[in-house]
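*Asks:* One-letter residues, chain by chain:
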Amino acid sequence: MFEIELSDTSMFKAAFEAISTIVDEIICVIDTEGFRVTALDRSHISFVNLDLHPTVFDTFECNVPEKITIDTAEFMRILKRMKNSDTLKLTMDEGNLIIKLIGDADRQFKLRLIDSEYDIPQPPQLEPPVSVVVPSDLVKDCLTDMALFDEKLYFMIDEDYFKVITNGEFGEANAAYLHGEDVNEVVKSSFSIPKLQEMFKASKFSDMCEISLGNDMPLILTFKLLSDDGQISFLLAPRLEAEE
Amino acid sequence: MFEIELSDTSMFKAAFEAISTIVDEIICVIDTEGFRVTALDRSHISFVNLDLHPTVFDTFECNVPEKITIDTAEFMRILKRMKNSDTLKLTMDEGNLIIKLIGDADRQFKLRLIDSEYDIPQPPQLEPPVSVVVPSDLVKDCLTDMALFDEKLYFMIDEDYFKVITNGEFGEANAAYLHGEDVNEVVKSSFSIPKLQEMFKASKFSDMCEISLGNDMPLILTFKLLSDDGQISFLLAPRLEAEE
Amino acid sequence: MFEIELSDTSMFKAAFEAISTIVDEIICVIDTEGFRVTALDRSHISFVNLDLHPTVFDTFECNVPEKITIDTAEFMRILKRMKNSDTLKLTMDEGNLIIKLIGDADRQFKLRLIDSEYDIPQPPQLEPPVSVVVPSDLVKDCLTDMALFDEKLYFMIDEDYFKVITNGEFGEANAAYLHGEDVNEVVKSSFSIPKLQEMFKASKFSDMCEISLGNDMPLILTFKLLSDDGQISFLLAPRLEAEE
Chain A
134 MFEIELSDTS MFKAAFEAIS TIVDEIICVI DTEGFRVTAL DRSHISFVNL DLHPTVFDTF
194 ECNVPEKITI DTAEFMRILK RMKNSDTLKL TMDEGNLIIK LIGDADRQFK LRLIDSEYDI
254 PQPPQLEPPV SVVVPSDLVK DCLTDMALFD EKLYFMIDED YFKVITNGEF GEANAAYLHG
314 EDVNEVVKSS FSIPKLQEMF KASKFSDMCE ISLGNDMPLI LTFKLLSDDG QISFLLAPRL
374 EAEE
Chain B
134 MFEIELSDTS MFKAAFEAIS TIVDEIICVI DTEGFRVTAL DRSHISFVNL DLHPTVFDTF
194 ECNVPEKITI DTAEFMRILK RMKNSDTLKL TMDEGNLIIK LIGDADRQFK LRLIDSEYDI
254 PQPPQLEPPV SVVVPSDLVK DCLTDMALFD EKLYFMIDED YFKVITNGEF GEANAAYLHG
314 EDVNEVVKSS FSIPKLQEMF KASKFSDMCE ISLGNDMPLI LTFKLLSDDG QISFLLAPRL
374 EAEE
Chain C
134 MFEIELSDTS MFKAAFEAIS TIVDEIICVI DTEGFRVTAL DRSHISFVNL DLHPTVFDTF
194 ECNVPEKITI DTAEFMRILK RMKNSDTLKL TMDEGNLIIK LIGDADRQFK LRLIDSEYDI
254 PQPPQLEPPV SVVVPSDLVK DCLTDMALFD EKLYFMIDED YFKVITNGEF GEANAAYLHG
314 EDVNEVVKSS FSIPKLQEMF KASKFSDMCE ISLGNDMPLI LTFKLLSDDG QISFLLAPRL
374 EAEE
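In order, the protein sequence lines correspond to chains A, B and C. Mapped onto the numbering used here, the consecutive letters of the first sequence carry residue numbers 134 to 377. Mapped onto the numbering used here, the consecutive letters of the second sequence carry residue numbers 134 to 377. Mapped onto the numbering used here, the consecutive letters of the third sequence carry residue numbers 134 to 377.
Isolated chain A (complex conformation):
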C-alpha cells in the first residue's frame, strides 16, 4: 500500500499527457525508490520511461511495493480535471486507484485497476554518441513548423548547431539552434513527426530537453526536473529509408 501527495502537479500532468497518447495501459511501480512507469507503444516504435523519486512528492509513504495496471485514457481524464492549485493524492484499495484532488472542495475519484500479468518491458540499452540540451518549446514549435511540409524530418547535430530539416512536396524547411556544447562530429537521423509530437506533449515537464542522437539510430529524448530527482525519457526508432 502507498499514500503519496504532490503539490507541483503540472509536471505530473504533462508526463501523462504524453504517456496516455503513446500507450493505452501502463504498469505503475510504486516502491521505496519512487513512482515509475515503463511502457512500449503498440507499434514498438517508441518507448517511454517515467521515474519520479520519493523526494519529488510532498508525502511519499509506501510500506509494501505495489505494481498496478491502469487505463491511461481514464487516468488522464481525471488528471485533466485537476487545477494548478489542487494537491494530488494517490492511494489505493483492493481494486481501485484512489485519486484525490484537494482544493476548495475535496474531490475523490476511484479508478478500477486492470488485471494484467504481462511483464514490464525492458528498454534497449543504447548510448547515442552525441547529446545536446535544447529549449523544449523551441523543438516543439519546430515540429509544428515542419509538419506543414512533411510527416518526417531529420534531426542533425554538428559542431555548432542542432538542426531540424524537412523536405516535402510543396517546399522545404529547416531550423537551426546554436547549442553551445562541445561536439566534434556530425550525426543525423530521420524520425516520424507525429511520433515526436506525441513525446513533446510532455514538454511542460521541464523547460529544457536533452536530445541524444547518432547516425540512423534511435533518438533518446529526456526531460529532467531541475531538482534532478525525476525525469521522463523517450526512445524513438529512426525511419530508415533506402531512397533517401
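In case anyone wonders, no lab produced these hints; they're calculated from the structure. Do not take every clue at face value.
Subject to a maximum C-alpha distance of 25 Å in a straight line, what follows is the list of computed BS3-like cross-link-like pairs (lysine-lysine) [to be verified]: (1) 233/B <-> 216/B; (2) 334/C <-> 216/B; (3) 321/C <-> 216/C; (4) 334/C <-> 213/B; (5) 243/C <-> 285/A; (6) 337/C <-> 296/A; (7) 213/C <-> 337/A; (8) 233/A <-> 285/B; (9) 273/B <-> 222/A; (10) 296/A <-> 243/C; (11) 285/C <-> 216/B; (12) 273/A <-> 357/C; (13) 216/C <-> 334/A; (14) 273/A <-> 146/C; (15) 273/A <-> 213/C; (16) 273/B <-> 357/B; (17) 233/B <-> 146/B; (18) 337/C <-> 216/B; (19) 216/C <-> 337/A; (20) 216/C <-> 285/A; (21) 233/A <-> 273/B; (22) 285/B <-> 216/A; (23) 337/B <-> 216/A; (24) 233/B <-> 243/C; (25) 216/A <-> 334/B; (26) 334/B <-> 213/A; (27) 285/A <-> 213/A; (28) 222/C <-> 296/A; (29) 213/A <-> 357/B; (30) 321/A <-> 243/C; (31) 233/C <-> 285/C; (32) 321/B <-> 233/A; (33) 243/B <-> 273/C; (34) 273/C <-> 213/B; (35) 273/A <-> 243/C.
Please arrange chains B and C on chain A, whose structure you already have, making use of the hints.
*Replies:* Then chains B and C, alone, in the frame of chain A:
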C-alpha cells in the same frame, strides 16, 4: 409599453444562457414589479423562474404591463453579441422586441414577437427541508468531474458537508464541501447531470448558489444577486430509481 | 533579386489573412518602389491591392525588379507559424521564395514559385463620392452582428452617421456610428456580408479604416498604416437587386 436599461449586463446574459438551453419559447412579463420569466421545459423535468426587480435596472419605465413571447434562441444570439461595456436597452413596438446595445456604436436589433395564448406555468409549491449555500463555480466544476463517470449523480447534505457522488462503469467519484451551516439531518436525492449542467449555465449570475434538498424530492437551486433585488431559481425533478 | 526584412510582422500577417481568403494565387511585385500585390477574386466580385513602401521594412534591397507568383494558402500556413517577436526575412533563389523567421531559433522555409504568365489585373478606376473613417474593429463587430439576420447588408452614410443595416427573416438590425466628418449627401449600397468578412480579416492592419461609398456602386475599403507608407485596399462590387 416599457423602456428598460441595464448596464450590469453579465448577470442578464448568464440568466438567458440557462433559460435558452432549457426552453425554446418564453413569456416575459414586464410590469411595475419588474421583469419576470417563468418557464417549464418540454419534458416537464425542470422549471425556471427569473425575477428582476425594477431597482436592478438603470432605467425602468413601464406604464402598461406587458406580456410578450419570444424565441429564446434568437434572443440569446443577440445577447451574445453584447459586450461587457455595452448598455442594454429593451423597448417594443407593435410586433417586435427592440434590443439596443449601446457602446462605441449603437446597435439596434428587432426581434419578432411570437403570438401565443398559453398560460404562464405555475411552479409546484415545495419546501425542501435542508438548504446550504455553496460557491457556484465549485458545484459547476463538480458536475464536469462527475460527468466523466456517469450521467446521474447524488446531491447529499449531512451535518457538515455538501456532497456530490457518482458511480459509473469505469470508476466512481465524490466531492465534499464543508458547508458551515446548522444542519441536523441527512438528505439525499439523485439528479440528471446534463439537466444540472443546463441550470449551471447561469452560474455567473452570482458567486454563490443555494441548494435546497430533501430525500428523493425535487432540488431547488437559487442564484441571488448580492443586492437582493433579483434572482434566478430552478426546480429539478429527482431521478427515482427502484434499484438504486 | 531582393532581400527584405520586416520586424513589425503583424500587419503583414493581417494583410495575407485577407488575401489568402480572397485569392488562391497572387503575383507579388518587388521593385525599388516596394512590395505590391494586386489581385482579383475568382468570381470577379472583389479586388485587393497591397502596397508597402520600402520604408515599411527594416531592410529593403532590390537590385532587379522581380515578379513572382505564389500559392497564398501555402504562404499563409508559413506566416501563421511566425511569432510576434520573430523577424521576417524574404529572399528568393531560382525556383523558390525563401522565408526566414528569425527568433530563438532561425527557421527557414522554401516555397516553390508557380509558373504563370497571366497579367496583373487592373482595378477599375472609381471615385465613390463619400468617404468616412471608422474604427476597424467596430465595423468588423457589426458584420458579425448583422450576419445573425441575413447574408447581405446596407452600408449608408448620411450627414451625421455611418450606418449598417440588415433585415432578415427573424428580425432586423442596424448600427450607427457618428462619423464627425463633413458630409453633405446620403449614399447607400448593399453588399455581401461574407465578402465583407473576408476583407475585414485584414482589420489588424490598422485601427481605422476608410469606407468610400456611393449609391449602388462598389465599395472601396482602405486600411492605411499610421506612418502612411503602406496600405491595403479592397474594392467590392455592390449587390444590385431589383426588388429591394
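*Asks:* Sort out whether residue 243/C lies within 25 Å of residue 296/A, counting only the CA atoms.
*Replies:* Cα-Cα ~16 Å, so holds.
*Asks:* Do the alpha carbons of residue 337/C and residue 216/B lie within 25 Å of each other, as the hint requires?
*Replies:* 19 Å, holds
*Asks:* For the pair supplied as a hint, residue 321/C and residue 216/C, confirm whether the alpha-carbon distance does not exceed 25 Å.
*Replies:* 40 Å, violated
*Asks:* Within a Cα-Cα threshold of 25 Å, do residue 233/B and residue 216/B meet the stated pairing?
*Replies:* 12 Å, holds
*Asks:* When you check the alpha-carbon spacing of residue 285/B and residue 216/A, does it fall within 25 Å?
*Replies:* Status holds; Cα separation ~23 Å.
*Asks:* Assess, step by step, whether the Cα of residue 216/A is no farther than 25 Å from the Cα of residue 334/B, and give holds or violated.
*Replies:* The hint holds at about 20 Å.
*Asks:* Checking one constraint from the list: CA of residue 285/A to CA of residue 213/A, max 25 Å. Satisfied?
*Replies:* 30 Å, violated
*Asks:* Could you grab the alpha-carbon distance between residue 233/A and residue 285/B and see if it respects the 25 Å cut-off?
*Replies:* Holds, because 21 Å separates the two Cα atoms, which is no more than 25 Å.
*Asks:* Holds or violated: residue 334/B and residue 213/A, Cα atoms, limit 25 Å.
*Replies:* 21 Å, holds
*Asks:* Has the given pair, residue 243/C with residue 285/A, been kept, meaning a C-alpha gap of at most 25 Å?
*Replies:* 16 Å, holds
*Asks:* Mind checking the alpha carbons of residue 334/C and residue 216/B for me, to see if they're no more than 25 Å apart?
*Replies:* Roughly 20 Å separates the two Cα atoms, so the pair holds.
*Asks:* Assess, step by step, whether the Cα of residue 273/B is no farther than 25 Å from the Cα of residue 222/A, and give holds or violated.
*Replies:* Within the cut-off at roughly 22 Å; holds.
Violation of the numbered hints given earlier is confined to hints 3, 6, 12, 24, 27, 29 and 31; the remaining hints are satisfied by the structure.
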